[in-house]
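**Q** Between the sequences and the hints, there should be enough to build the whole structure, so can you do that?
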Amino acid sequence: MSRIGKLPITVPSGVDVTIDGQTVTVKGPKGQLSHSVAEPIVVARDEDGTIAVTRPDDQRKSKELHGLSRTLIANLVTGVTDGYEKKLEIVGVGYRVLAKGPTTLEFSLGYSHTITVEAPDGITFVVEAPTRFSVQGIDKQSVGEVAANIRKLRKPEPYKGKGVRYAGEQVRRKVGKAGK
Numbered sequence: 563m564s565r566i567g568k569l570p571i572t573v574p575s576g577v578d579v580t581i582d583g584q585t586v587t588v589k590g591p592k593g594q595l596s597h598s599v600a601e602p603i604v605v606a607r608d609e610d611g612t613i614a615v616t617r618p619d620d621q622r623k624s625k626e627l628h629g630l631s632r633t634l635i636a637n638l639v640t641g642v643t644d645g646y647e648k649k650l651e652i653v654g655v656g657y658r659v660l661a662k663g664p665t666t667l668e669f670s671l672g673y674s675h676t677i678t679v680e681a682p683d684g685i686t687f688v689v690e691a692p693t694r695f696s697v698q699g700i701d702k703q704s705v706g707e708v709a710a711n712i713r714k715l716r717k718p719e720p721y722k723g724k725g726v727r728y729a730g731e732q733v734r735r736k737v738g739k740a741g742k
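Residues 563 to 742, numbered by the working numbering, are exactly what the sequence shown covers, in order.
What the hints contain is simulated information worked out from the structure, not anything from laboratory work.
All C-beta atoms, glycine included, are put in the ideal place defined by N, C-alpha and C.
Restricting the straight-line Cα-Cα distance to at most 25 Å, the calculated cross-link-like pairs of lysine-lysine (PhoX-like) are:
id, residue 1, residue 2
1, K739, K717
2, K702, K714
3, K662, K702
4, K724, K662
5, K649, K702
6, K722, K649
7, K648, K724
8, K662, K648
9, K736, K722
10, K714, K736
11, K724, K714
12, K649, K592
13, K724, K736
14, K649, K662
15, K717, K662
Estimated spans, in silico, between C-beta atoms of each pair:
id, residue 1, residue 2, range
16, G663, L715, 15 to 21 Å
17, Q584, P720, 41 to 47 Å
18, G738, L715, 21 to 27 Å
19, A600, K739, 50 to 56 Å
20, Y721, H597, 41 to 47 Å
**A** Here's what the structure looks like:
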């Protein structure tokens, strides 16, 4: 049995979970999310208020989808209660970020022009310092995707470490030219 898949999902108070066939809809204080569970997996509500994810057989596909489906539903519950946040930092002389509103950022990353990034629906940006900011939202996948796209604007390079990186990310450094 899947160690992750067999764990029950606890639903905190203030969160409403609706199971309609293969569609799971979660409403909470931060918003509403829904997910369509793949076919052989069954999602049911237990009497004690938890959500159980079960698989009908031990086929390879069912085993693959069991833990995945449980994790995705647990991420919906976490998203509508706490939300998700990715912190990023900018390293480099003259590199900085400016907030042009809660959903717009303007980057100066050493190019001849500034780069403006608009947030999709459900995503907000918080700028803590000119070199530190965070991406926040209730959908874990979209928060990670927006953060990855921002990091792609100027990836950390291995010689000086300049660029946009996740907070706490270790960049593998290379030695430069060897002097005589």
